[in-house]
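Top to bottom, those sequences are chains E and L. Each residue of the first sequence is one higher than the one before, counting from 328 in the numbering used here. Each residue of the second sequence is one higher than the one before, counting from 76 in the numbering used here.
It is possible that part of the hints are untrue.
[Said to hold, decoys possible] Derived SDA-like pairs: lysine to any residue, alpha-carbon spacing no greater than 20 Å straight-line:
no., chain 1, residue 1, chain 2, residue 2
1, L, K318, E, L767
2, E, K685, L, R122
3, E, K485, E, K685
4, L, K318, E, G583
The set of hints was computed from the structure by calculation and includes no laboratory data.
Listed below are the residues making up each chain.
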Amino acid sequence: MIGPAVNPCEGDVGLVGRAPYRIALGARTWTFADLKDLMAKATPPRSGDRLAGIAAQSAEENVAAKMCLADLPLKTFLTEALVPYEEDEVTRLILDRHDAAAFAPVSHLTVGGFRDYLLSDQATTDALAALAPGLTPEMAAAVSKIMRNQDLILAARKCTVVTRFRNTIGLPGTLAVRLQPNHPADDPAGVAASILDGLLYGCGDAVIGLNPVSDSLSVLADLARLIDGVIQRFAIPTQACILTHVTTSIELMNRGVPLDLVFQSVAGTQAANQGFGVSLALLREGMEAAQALKRGTVGDHVMYFETGQGSALSAGAHHGVDQQTLEARAYAVAREFRPLLVNTVVGFIGPEYLYDGKQIIRAGLEDHFCGKLLGLPLGCDVCYTNHAEADQDDMDTLLTLLATAGVSYVMGVPGADDVMLNYQSTSFHDALYVRRLLGLKRAPEFEAWLAALGITGADGRPLPQPPSQPLLRGWR
Amino acid sequence: MDKPTVTPDAWAHLAAATPARIALGRAGDSLPAAEVLRFALAHAQARDAVHTPFDAIGLVEQLAALDLAPVAVHSAAPDRATYLNRPDLGRLLDPAGRQALAALPTTSPDLAIIIADGLSATAVHRQALPLLTAFLPWVRQEGRRLAPVVVASQARVALGDAVGQALGARAVAVLIGERPGLSAPDSLGVYLTLNPAPGRLDAERNCLSNIRDGGLSHDLAAFKLAWLLRQALRRQVTGVALKDESDRLLVDGSSPMLLAD
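Turn these sequences into a full structure, and let the hints steer you where they fit.
What follows is the structure, given as structure tokens:
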């Protein structure tokens with residue numbers, strides 16, 4: 328079979344080093360105005376990129392852009408910024424922090440060559456860990472655009488990222504779970520009931536992390552003391568987090584409230600982060616305040632970040648760059664602060680950014696791959712909203728795929744129904760399902776604690792609980 | 076073969092403490108069939124809530140009965156399908172809406188109130204009037220001047236920026252149907268923004284969410300909104316720089332009594 332005549336993708340090097348990029352396929356020549364146009368046209372179909380008016384206009388243009396991108400030298404991303412260096416502190420962070428020595432082993436490769444390298448036996452776990460500081464998020468995003476789902480799974484599975492606070496997250500063969508005990512009125516007894524349910528289902532090693540309704544400091548302080556009290560009383564090797572704005576966390580710490588982790592939503596451009604009310608300097612302030620408390624017992628990773636494709640466009644701060652590339656840039660922000668946990672909240676933002684189950688599944692795999700490749704402990708809130716074309720079957724699929732890819736952690740929401748945030752995620756039962764299916768263990772310190780209290784048996788599966796169970800007696 | 080296949084949870088008595096789905100029991104490690112189907116039904120109902128039509132005309136009539144001089148407007152999203160896929164259009168007024176607001180007398184009000192369908196008209200149908208009824212005594216007590224109340228169809232939160240600016244309001248409160256959840260297809264949110272104008276960032280808004288039976292009560296939400304408005308006008312800021320500390324004024328978890336009119 329004779330294929331189309333494919334020329335290498337050619338960028339016209341002008342006076343300012345800018346494209347356009349061209350590729351000839353048969354009789355047709357496809358042109359892409361610049362690097363961000365090429366990236367946007369090459370990205371898999373996504374409602375958010377269509378909303379932004381930057382998506383490929385046809386299926387063939389999409390693949391032509393992928394072919395053109397595959398021939399692009401990886402090092403192009405070091406000289407051609409998608410978001411201007413002068414205007415954007417995230418771009419400055421990415422380029423100023425780039426480790427040229429770490430990049431050297433792949434600096435001669437094209438994007439397509441890099442994809443083949445990632446799947447080759449040369450790309451060992453150790454080689455990928457050493458490579459991470461040499462990669463920019465744009466490189467990770469570019470290569471993901473020409474990778475199929477199975478490539479994203481296999482390459483991510485080679486990456487091991489281990490982080491520590493009161494336990495050890497990310498060891499091979501483990502999967503952690505965030506226990507998410509949200510309540511629509513921040514009722515302490517209601518929050519406590521969900522925590523108990525989660526612990527007795529063997530969840531909570533990633534974090535016991537509450538999304539409060541309130542941003543009232545006194546309410547948040549009480550909730551922080553509640554969760555900390557549970558952890559201290561039962562000596563649980565895990566950490567607590569109140570998912571509130573970083574400035575609120577700083578204020579709580581100033582008032583002496585016990586906080587383990589500092590949470591913040593982050594995005595991939597300076598302007599989008601301004602939309603969240605944060606800057607790199609503010610995040611550093613939050614990190615240093617939490618580290619100064621020295622509450623970790625086995626490590627000092629104190630930051631917890633959430634991200635999600637579409638957040639920059641939602642804030643009108645996307646600079647014409649596709650949402651998947653901007654999501655990868657958010658990981659560069661996270662990386663700067665040595666987080667314990669980072670997760671994409673993949674289907675939360677709604678169908679205008681990820682339309683249906685297919686787009687959510689693809690985005691979840693991309694985000695996990697890009698995060699792991701960049702050296703982050705990436706987890707995923709496998710989720711959807713009720714205005715998206717998705718359901719629990721799609722979540723089963725994505726959860727199973729991500730678990731095979733070695734995702735660091737997923738969410739544990741009672742019955743998968745978040746009664747405060749009004750969306751569906753993964754449940755305590757879902758975590759048990761995927762552990763049993765794939766033989767995945769918990770963080771070892773937490774696993775041992777569960778066994779010691781008789782919550783789980785030798786096989787890690789939950790046991791029926793007698794009334795004498797200390798947690799049950801303690802909750803009366 | 077008569078051994079039970081579902082393991083019940085010993086803490087079922089705690090389920091009364093939360094609407095969350097706890098103590099569900101398990102079949103092996105998985106959900107029991109009854110819960111799988113109960114969840115599927117709730118999801119189906121929430122999906123339907125997203126597409127329930129907004130009764131803007133009925134709401135305008137009810138607001139008129141309260142002497143709130145209501146005005147109905149429509150966003151630039153003509154229908155639900157467009158609304159769901161084009162949030163940008165849901166933030167803009169359509170030409171008729173712009174004209175309707177431009178035709179109003181300019182009064183430099185303290186607050187413009189927008190009632191918007193958002194993602195759940197059901198929430199607006201159930202919560203908007205009770206919340207407004209609880210809030211109006213605070214408006215009177217503090218001598219706030221209100222703009223005509225605007226009822227907006229196929230609207231996003233940021234439509235309030237355009238409306239508030241058109242009305243020349245010092246602040247805008249958008250009462251909007253939140254995305255429906257399985258347990259709560261009827262939850263209302265309120266977003267307060269000082270000096271409304273297109274381009275305001277989400278970090279410049281204060282939010283009260285989960286206003287519904289079983290969530291934040293109408294009385295408490297009204298009290299909190301009045302507190303936030305007072306602070307916003309006094310300190311000239313809304314958003315992350317304005318923390319909700321209204322709880323310090325609560326008496327036994329309830330809002331203090333209004334002073335006599």
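*Numbers of unmet hints, in rising order*: Going through the list in order, the structure violates hints 1 and 3 and respects the others.
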